[in-house]
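K.L.:
Letter by letter, the chains look like this.
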Amino acid sequence: MSAKTPMLRMDGINKVFPGVKALTNVNFRLFPGEVHALMGENGAGKSTLVKVLTGVYASDGGTVTLEGKPIQITTPLEAQEFGISTVYQEVNLCPNLSVAENIFVGREPRKRGRIDWKEINRRAEELLSTRLNLNIDVTRELDSYSVAIQQMIAIARSLNVSAKVLILDEPTSSLDTNEVEQLFAVIRKLKSEGLAIVFISHFLDQIYEISDRITVLRNGNWIGEYMTKELPRLELVSKMIGKELDVLAEASSNKRIFKGGESFLQADQVYKKGKIQPFDLNMNRGEIVGLAGLLGSGRSELARLLFGADKSDGGTIKINGKKVSLNSPKQAITNGIAFSSENRKTEGIIGDLSIRENMILAIQGVKGWFRYIPRKKQNEIVDEYIKLLNINPPNPEQLIKNLSGGNQQKVLLARWLITNPELLILDEPTRGIDVGAKAEIQKLMLSLSEKGMSILFISAELEEILRTCQRIAVLRDHEKVSELENDNGITQQDIMKEMAGGM
Amino acid sequence: MLKRLNINYKHLPILVTVGLFILMYIFGSMRYTGFMSSQVFLNLFINNAFLIILAVGMTFVILTGGIDLSVGSVIALTSMVAADLIMNAQLSPWLVIPISLLVGTTLGLINGCIIHFFNIQPFIVTLAGLFLARGLAYLINIESIAITDPFFDFMAKTRIPIGDSFISISVVIALVVVLIGVYLAHYTNFGRTVYAIGGSEQSAVLMGLPVGRTKILIYTFSGFCASLAGLVFTFYMLSGYALHANGMELDVIASVVIGGTLLTGGVGYVAGSVIGVLILGVIQTIIIFEGTLSSWWTKIAIGVLVLAFIVFQRILVVRSNVKKAAGANNVDIKESSPPLKTKSM
Amino acid sequence: MIKSRLFWPILVLVLILLLNLFFDPGFFSVEVRGGHLTGSLIDILNRGAPLILIAIGMTLVIATAGIDLSVGSVVAMAGAMAAFVVSKPGLSDDSLVPLFTALALAIGLSVVAGMWNGLLVSRIGVQPIVATLILMVAGRGIAQLITNGQILTIYYEPYSFVGGGYLLMLPFSIFIVAAVLALALFLTRKTSIGLFIESVGSNPEASRLTGLNSKNILLMVYIFSGFCAGIGGIILSSNVSAADGNNAGLWFELDAILAVVIGGTSLMGGKFHLMGTVIGALIIQSLTTTIYSIGIPPEVNLVVKAVVVLIVCLLQSPEFRKKVLGGLKSKANRDAKGVA
Chain V
207 MSAKTPMLRM
217 DGINKVFPGV
227 KALTNVNFRL
237 FPGEVHALMG
247 ENGAGKSTLV
257 KVLTGVYASD
267 GGTVTLEGKP
277 IQITTPLEAQ
287 EFGISTVYQE
297 VNLCPNLSVA
307 ENIFVGREPR
317 KRGRIDWKEI
327 NRRAEELLST
337 RLNLNIDVTR
347 ELDSYSVAIQ
357 QMIAIARSLN
367 VSAKVLILDE
377 PTSSLDTNEV
387 EQLFAVIRKL
397 KSEGLAIVFI
407 SHFLDQIYEI
417 SDRITVLRNG
427 NWIGEYMTKE
437 LPRLELVSKM
447 IGKELDVLAE
457 ASSNKRIFKG
467 GESFLQADQV
477 YKKGKIQPFD
487 LNMNRGEIVG
497 LAGLLGSGRS
507 ELARLLFGAD
517 KSDGGTIKIN
527 GKKVSLNSPK
537 QAITNGIAFS
547 SENRKTEGII
557 GDLSIRENMI
567 LAIQGVKGWF
577 RYIPRKKQNE
587 IVDEYIKLLN
597 INPPNPEQLI
607 KNLSGGNQQK
617 VLLARWLITN
627 PELLILDEPT
637 RGIDVGAKAE
647 IQKLMLSLSE
657 KGMSILFISA
667 ELEEILRTCQ
677 RIAVLRDHEK
687 VSELENDNGI
697 TQQDIMKEMA
707 GGM
Chain R
325 MLKRLNINYK
335 HLPILVTVGL
345 FILMYIFGSM
355 RYTGFMSSQV
365 FLNLFINNAF
375 LIILAVGMTF
385 VILTGGIDLS
395 VGSVIALTSM
405 VAADLIMNAQ
415 LSPWLVIPIS
425 LLVGTTLGLI
435 NGCIIHFFNI
445 QPFIVTLAGL
455 FLARGLAYLI
465 NIESIAITDP
475 FFDFMAKTRI
485 PIGDSFISIS
495 VVIALVVVLI
505 GVYLAHYTNF
515 GRTVYAIGGS
525 EQSAVLMGLP
535 VGRTKILIYT
545 FSGFCASLAG
555 LVFTFYMLSG
565 YALHANGMEL
575 DVIASVVIGG
585 TLLTGGVGYV
595 AGSVIGVLIL
605 GVIQTIIIFE
615 GTLSSWWTKI
625 AIGVLVLAFI
635 VFQRILVVRS
645 NVKKAAGANN
655 VDIKESSPPL
665 KTKSM
Chain F
4 MIKSRLFWPI
14 LVLVLILLLN
24 LFFDPGFFSV
34 EVRGGHLTGS
44 LIDILNRGAP
54 LILIAIGMTL
64 VIATAGIDLS
74 VGSVVAMAGA
84 MAAFVVSKPG
94 LSDDSLVPLF
104 TALALAIGLS
114 VVAGMWNGLL
124 VSRIGVQPIV
134 ATLILMVAGR
144 GIAQLITNGQ
154 ILTIYYEPYS
164 FVGGGYLLML
174 PFSIFIVAAV
184 LALALFLTRK
194 TSIGLFIESV
204 GSNPEASRLT
214 GLNSKNILLM
224 VYIFSGFCAG
234 IGGIILSSNV
244 SAADGNNAGL
254 WFELDAILAV
264 VIGGTSLMGG
274 KFHLMGTVIG
284 ALIIQSLTTT
294 IYSIGIPPEV
304 NLVVKAVVVL
314 IVCLLQSPEF
324 RKKVLGGLKS
334 KANRDAKGVA
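Residue numbers (the working numbering), protein chains in the order written: chain V, 207 to 709; chain R, 325 to 669; chain F, 4 to 343.
Hints are computed from structural coordinates only; laboratory data are not their basis.
Careful: at least some of the hints might be erroneous.
What the hints assert, rightly or not - No more than 25 angstroms apart at the CA atoms, straight line, and that leaves these computed lysine to aspartate or glutamate pairs for DMTMM-like:
no. : chain 1 : residue 1 : chain 2 : residue 2
1   : V       : K435      : V       : D418
2   : V       : K257      : V       : E273
3   : V       : K607      : V       : E590
4   : V       : K607      : F       : D27
5   : F       : K326      : V       : D266
6   : F       : K326      : R       : D473
7   : F       : K274      : V       : E273
8   : V       : K536      : F       : D97
9   : V       : K529      : V       : E468
10  : V       : K703      : V       : E468
11  : F       : K274      : V       : D418
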């Protein structure tokens, strides 16, 4: 299959954003009749690469060649004209237009200057049935169909633009098993017709089921290109998270053995459809539990259910042995739970407000409208935490949006510590912050747990989890697959095996 | 039940609109003698020709999820420009009409450019347009200018007979605008892009549709419609006055909403808005026939109708979201969406 | 901080007032006439009272990233309600019962109107523009319903005191404004409401995840906006001793929005500046007074307002700053935002 020359090559692609090198000398080859998986963790550069390829971003160096000819892609429209089409996870079609129109809008067939609706409907029906094996009423609105079918319709639109390269960006993340199978059937058919397909997904099982070739990126660097058959899962995971296998084999040095503590929270078969399969989880007082798993494995989804940020579809949660309902963050907070989201900017900081205001927001939320903490008291609390957490600049009236990521994270931590929670859920608290701040946050977690707080710690960095957690729950493909005690020589490799699965 | 009748829930608002119009008309006919005459019906068009024209332009704006608050003021400005040019500058009507039409079109173009290029909310931009147009109208003249011109007289007073009854030239103009609007909306690229933007602007951009150009064009078109409506209004009043059409933007928005167009954009029909205008007309007619009811009941009735439609639309949106969520999670596709037949491969 | 934020609005206000001095050397003089302080400055404060009140309410609504288009109609409704009570013939000026009945009914009606808006926005989830549009249309109808389509004239003296009376040599309406402003400042600075409003307006999702109940916050600001508009309506009707359901408070919503924006509160929600709003309202009022006093046709006011709205919004638009003022560093941008 791969004996042919590549249909598309990207060589030495560089992309710089102010202050960040998003892509450094990245190569990418696409062969006709192949599914090529693009793999990498958060911030690896997958989406940047796709955006360069589709003309959303201009590259800062490197060449793109299509069928042997060098090309310049500067707008998404140009990319489409070259035959490069993208189907995103969030279906980028118009829900209010009919299926047929979604396929043809912008390029409607005309008769005497006016849009020929009969022809549109006829061609849409033909396209869907011959190329995607889909027989549906094309005159109905798009949003009367399921996401899976909308996905197919998006593919149909791409095909109609005479696609040579089809990019599927996380197409399966909101599909169920049957729908994924349906989509894969279509992908195989298109592949056999000679299309070159880029497939991005965080489901390892799916990558191994559908892809022929894998390119791995990490931190904007090109790690390598491999044939899927020749790349064991564990090796793929280690390449993605950047640990060589021999290093991984070393046992972590500073294990902490949990000294025991009564149970604070018990989750029993809690689940949310399409987000996380039913899981059990027990959180003891004074214990740090790590949640490990690849991006999109359901880590954050699990945490959000425990905090009431999303409503669960079923299962029970007990706190101190008593059944509670956690349908809103407010309820969770009253029950002594705190949650710091992984999306610091959109779900954490209130950008227009000062350090002080951001810090006291949660405790003030608990106290309500009229028990306003006097300004003097506020200053005392805030000064204490600025010192404790070493926040820079130590000016409580500084707007939080002007702080560095690490300092913003510390302010958010302080926001929750002030409420004196019994369970603190930290979703990627150390992502994108400098090493010093990272170490400080880890140290803080340890000292908090010694005082009896239980902490649920989500991190993509396994060494961090090994260093701080007593117990590690591993997630894969939206399911909690195992729970490991971090006591007897567990290594990163052991966790990775669980994360990769299928070994 | 709806499924059995094969009525899409999205067409529900416009069906309700049509039903409402018919019901109100029947109510009027049964209650008042003389209501059921063809002239009373045609008067709905004669008295609201300018509103119909405005509604066509506004429908396009609202279909993209925008709003144009400047239309009432543009009517006043157009009437002033026309009256001033014809009475004081003594220009020929053949010059005055194109100039007047340019007034609103230009203002609409400016509105559209500011909205698109600087990404400022349409609400606030057209609000400034509202102030500006009315202020300019006042600058031309504070007093009302009566128009005595043979051409304007002709446009105002000509009766086109239909059976025993008649319509005015303005009605013909309005109906032509409606036809153009329907054609634009359903048979041109421009119209479909308008719907696509209303459905999802981001998707429209990614689909490679000319979103920016279309957005500028719809405000230009709305400005043009407002100017044309201004001329028709001038024929109707035979005067130019800066206080003309005060607050009419609200009547137009109300008509469009009552006509079944979603204020969030993407769903609605030009024809629906026309019926929305007619419903407003029927309310006024009923109040006139009733005799004892005062004019402010019109406003209250319009408010109640707008409320009913907006709450109705919210319920539809919530219901369709629930439906979608169920669809996304349902393991069996067949249950939650129309039958899906997969050919064996 | 406060200084720099209020600097530009105050400068504009001062410039407008100085312009008056140029045309009328006696502009700043304040005289005692008949036991009352009189003069152009007092006049601006007095006439600006309803607008200041309404703009204060509007500020809180806009801080939550909302808008209240119904305030003009609420002004008309409240005025009509109060006039309905006190315009009855044969009321004795000695009894204060009609006065308090009128005030209670008018304020009650406007609070109900605000609650109506708030419920539509917070519980049913209607966009603020749309939700308040309903009352903007229907409110005038209701006002005319109350006045029975007439312009009600008020001969009852105690009521006229509210908008036309004097206390301690100053117009009484100034005291009302001060009281409402004090209430607003108290609610937003001495309780956590102000913090919550800014939080919900700045980042609704993060606020939810911090455990704030944004629904009640939204409901509260619309009720407060209705309350302010109601008091504004009372002052206005008392001032002219009449209630006109059709024209009272016409275009107040636009002036109020303008005052808020000039005062430095962004239409995108978040930080709000009550004192800035007050100065914004004073700018609008002095602009009107100036245009009258220097003999420009008053209608130019509309054109000026349009231009001001546009300039302020353009300065707030990131795209405008990038495209037109491009090249300026982000600090300059922040300053520009602080000014706008």
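K.L.:
Does each hint fit the structure? Answer for all of them.
P.N.:
Hint by hint, here is what the structure shows:
Distance hint between K435(V) and D418(V) is fulfilled; the C-alpha atoms sit about 7 angstroms from each other, no more than 25 angstroms. With a CA separation close to 20 angstroms, the supplied pair K257(V) and E273(V) stays within the 25 angstroms bound. Restraint check for K607(V) and E590(V): satisfied, since their Cα atoms lie roughly 21 angstroms apart, inside the 25 angstroms limit. Between K607(V) and D27(F) the alpha-carbon distance is near 48 angstroms, which puts this suggested pair outside the 25 angstroms criterion.
Under the criterion of a C-alpha separation no larger than 25 angstroms, the hint pairing K326(F) with D266(V) is consistent with the structure, at around 22 angstroms. Using a Cα cut-off of 25 angstroms, the hinted pair K326(F) and D473(R) is violated, with the two alpha carbons roughly 48 angstroms apart. Between K274(F) and E273(V) the alpha-carbon distance is near 54 angstroms, which puts this suggested pair outside the 25 angstroms criterion. With a CA separation close to 54 angstroms, the supplied pair K536(V) and D97(F) exceeds the 25 angstroms bound.
At roughly 16 angstroms between alpha-carbon atoms, K529(V) and E468(V) fall within 25 angstroms of each other, so this suggested pair holds. A hinted pair counts as satisfied when its Cα atoms are at most 25 angstroms apart, and K703(V) with E468(V) does not qualify at roughly 30 angstroms. At roughly 53 angstroms between alpha-carbon atoms, K274(F) and D418(V) are farther apart than 25 angstroms, so this suggested pair is violated.
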